[in-house]
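Model the full assembly from the supplied sequences, consistent with the hints where possible.
Going line by line, the protein sequences match chains A and B.
Per the UniProt record's numbering, residue 1 is the first one in the first sequence, and the count goes up by one each step.
Per the UniProt record's numbering, residue 1 is the first one in the second sequence, and the count goes up by one each step.
Rather than coming from a laboratory, the hints here were simulated on the basis of the structure.
The structure displayed is predicted, hence computed values, not measured ones.
Careful, some of the hints might be misleading.
If you anchor each label on the Cβ, the simulated ranges turn out as follows [stated by the list, open to error]:
1) A/363 / B/229: 54 to 62 Å
2) A/184 / B/214: 29 to 37 Å
3) B/156 / A/184: 36 to 44 Å
4) A/128 / B/211: 48 to 56 Å
5) A/263 / B/67: 42 to 50 Å
6) A/338 / B/232: 47 to 55 Å
7) B/288 / A/263: 39 to 47 Å
8) B/53 / A/128: 42 to 50 Å
9) A/97 / B/246: 55 to 63 Å
10) A/338 / B/96: 45 to 53 Å
Glycine included, each C-beta is placed from N, C-alpha and C at the ideal position.
Take a look at the letters that make up each chain.
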Amino acid sequence: MPDVLVTGADLLGAGRADLLLRDGRFADPATAGPDVERVDADGLVALPGLVDLHTHLREPGREDAETVASGTDAAARGGFTAVLAMANTNPVTDTAEAAEHVAALGRRDGHAQVVPVGAISKGLAGAELAELGLMARSSAGVRVFSDDGHCVTDARLMRRALEYVRAFDGVIAQHAQDPRLAGPDACCHEGELSGRLGLPGWPAVAESTVVARDVQLAALTRSRLHVCHVSTAETVDVLRWAKARGVDVTAEVAPHHLLLTTAEVAGYDPTYKVNPPLRPDEHVAALREALADGTLDVVATDHAPHARHDKEHAFADAAPGMLGLETALAVVLETMVLPGRLGWGDVAQRMSAVPARIARLTGQGRPLAVGEPANLTLVDPAARAVVDRAGSASLSRNNPWHGRDLPDPVVATFWAGRATYRRA
Amino acid sequence: MRHLLSAADLSLAETSAILDLAEEMAQVQARPVKKLPALRGRTVVNLFFEDSTRTRSSFELAGKWLSADVINVSAKGSSVSKGESLRDTVLTVAAMGVDALVIRHGASGAPGQAAQWVDAHVLNAGDGTHEHPTQALLDAFTLRRHFRTTEPDLDTFAGKRVVIAGDVTHSRVARSNVLLLQTLGADVTLVAPPTLMPSGVETWPVTTSSDFDAVLPEADAVMMLRVQRERMSGGYFPTPREYTVGYGLTRARLASMRPGSAICHPGPMNRGLEISADAADAASSLILDQVAAGVAVRMSVLYQLLGGEDAPATPRGDL
Chain A
1 MPDVLVTGAD LLGAGRADLL LRDGRFADPA TAGPDVERVD ADGLVALPGL
51 VDLHTHLREP GREDAETVAS GTDAAARGGF TAVLAMANTN PVTDTAEAAE
101 HVAALGRRDG HAQVVPVGAI SKGLAGAELA ELGLMARSSA GVRVFSDDGH
151 CVTDARLMRR ALEYVRAFDG VIAQHAQDPR LAGPDACCHE GELSGRLGLP
201 GWPAVAESTV VARDVQLAAL TRSRLHVCHV STAETVDVLR WAKARGVDVT
251 AEVAPHHLLL TTAEVAGYDP TYKVNPPLRP DEHVAALREA LADGTLDVVA
301 TDHAPHARHD KEHAFADAAP GMLGLETALA VVLETMVLPG RLGWGDVAQR
351 MSAVPARIAR LTGQGRPLAV GEPANLTLVD PAARAVVDRA GSASLSRNNP
401 WHGRDLPDPV VATFWAGRAT YRRA
Chain B
1 MRHLLSAADL SLAETSAILD LAEEMAQVQA RPVKKLPALR GRTVVNLFFE
51 DSTRTRSSFE LAGKWLSADV INVSAKGSSV SKGESLRDTV LTVAAMGVDA
101 LVIRHGASGA PGQAAQWVDA HVLNAGDGTH EHPTQALLDA FTLRRHFRTT
151 EPDLDTFAGK RVVIAGDVTH SRVARSNVLL LQTLGADVTL VAPPTLMPSG
201 VETWPVTTSS DFDAVLPEAD AVMMLRVQRE RMSGGYFPTP REYTVGYGLT
251 RARLASMRPG SAICHPGPMN RGLEISADAA DAASSLILDQ VAAGVAVRMS
301 VLYQLLGGED APATPRGDL
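Below you can see the structure in the form of structure tokens.
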């Protein structure tokens, strides 16, 4: 692998500097040889490679919607060098063998590091603990466990899961959705629009009440809790309360919840069906504020590709989820950086360092310094483009940003010193 | 008018035109030979993803009495249960050379989505808990006739008070009626226990109440909504008995109604639950008139959509 010399990049407060990528790590630029490949980064911001805590790669089981190859290609285009692959595949990642299979697919096909998330319960059924320890001790080294797509509603099972993973420094990532409050068909934020359109409502408290319970359990067990895709102002309030009391809780927000609102659902377009649902303006404002002040620790995409035919149903019947990997940084730039809510250093924390720390990934989210793994994302803060879903690397097209003018920040991505994406 | 997806699509002028034409269609309905050549050569498909006898029969008769070729497709238990997407089902049916699709679906918004995929005219015959615009039209037709028995020149419902009582949250009939009655100028009051009142109802152009007895004596008409059996186990109200006491049109409440005020119900009725037999069969009950009006109104709507066109519609979109 040839050395790469990135020249003149903005190093997040350290001013403009050169970066030399050699053998998968950053090396002293002064040692660059004459044959080095040069990348002019004048005007570009250098970020540590982004880490997504919440990706659905669909392989194994639904390779028509996404594969490890296509999903990580999309990740690389979005500036990511590592993705946590959610467990709700077919078969479910609830054994050591299944986790090792996903990790092996990543090593074989990945354009980014693929780290399996293990299921909390067998088959995501919420009844019995999955083999958490075996997954953790496997070569996949699972540290994040989630039944994402399903909420662990049984309080005792949730307590046991939190207690159990403490033995190997695991974290329980909860999909917070009280199924009794939300109802089995919930597909739209419960409010004026759901009432008018006749769509089954998903009340905000169905999320926050579960989070309130879980932070109490995390406090009781002195364990690590992570809250997936926070979507409501009420949940933010609960998280502030918990963090003020020292509970070891982290939380993520998805890009679509930072920009899109319930109003998108008015035309029943299933592209905008996502779980948890898009929320009204006041929730979006609360999420932005919470991401700015650190109550929400990370941005995670909840990248959820679906084959076209799984979306071409009536809104209530269509599969929930939307693409996110390629546009996540664009949305964060649009909603947080350009309005002055976050600086680039904050972005590096919320999209790289902190997610890597939550997942205990030692080779990701590191400083851009000599000797560190050469995971790098080069960003043009000024570029914009109209999103075209046809240009996606994903096999799916459920892209909620199609036709929108958004920042187009990612110029190049290097994973372990190797270019996984270079803008043409 | 290209499609009829929502009662909100109709202006006052369009509503009046549909109701006026329905009066003429009702004359046809009264003839020994109930047939007009208006839609000869046109094809109407009743595409029903959800069971319905009265609405489907009503649309079928309406099409046939206008001489259209009408076929019924029950998508429930056929293509859909085999995993076909809504879009593929709709495009497949439309590809047969259909001029109008009458769609009933258990999911809100489905007819509107279908209208984006095909060139055929789409009529919403009831979608989930969203809307049922032809029901609202036939209710308006029935009420207009009723009101005209004492006010022959009545055109709008200005000054008329209509109470809609029952499970508003899950009622597509209520939503369409609220919209159409607003267009016609009526004052609408929704009556329901708070558990059966939709989110955001405070933004609707209606008054709301949980006290049926307080609002009923002022009503010029009361529309009772059917209570679905599954609501009883869903925790929306404690017992059928309690529901009836609070929100049923009982014999006592029937007696409290203003003389001349009308009773409507979209059917099928739960006698003894939301409506007593006395009320259902009262002289002021217009329930069977509503059923009869359904055919005339749907003839009128089909004619408004399809009459006078030359070129048959063709499907669009790639299969």
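Hints versus structure:
| no. | hint | result |
| --- | --- | --- |
| 1 | A/363 / B/229: 54 to 62 Å | holds (58 Å) |
| 2 | A/184 / B/214: 29 to 37 Å | holds (36 Å) |
| 3 | B/156 / A/184: 36 to 44 Å | holds (42 Å) |
| 4 | A/128 / B/211: 48 to 56 Å | holds (50 Å) |
| 5 | A/263 / B/67: 42 to 50 Å | holds (44 Å) |
| 6 | A/338 / B/232: 47 to 55 Å | holds (53 Å) |
| 7 | B/288 / A/263: 39 to 47 Å | holds (42 Å) |
| 8 | B/53 / A/128: 42 to 50 Å | holds (46 Å) |
| 9 | A/97 / B/246: 55 to 63 Å | holds (58 Å) |
| 10 | A/338 / B/96: 45 to 53 Å | holds (52 Å) |
In terms of the numbered hints stated before, the structure departs from none.
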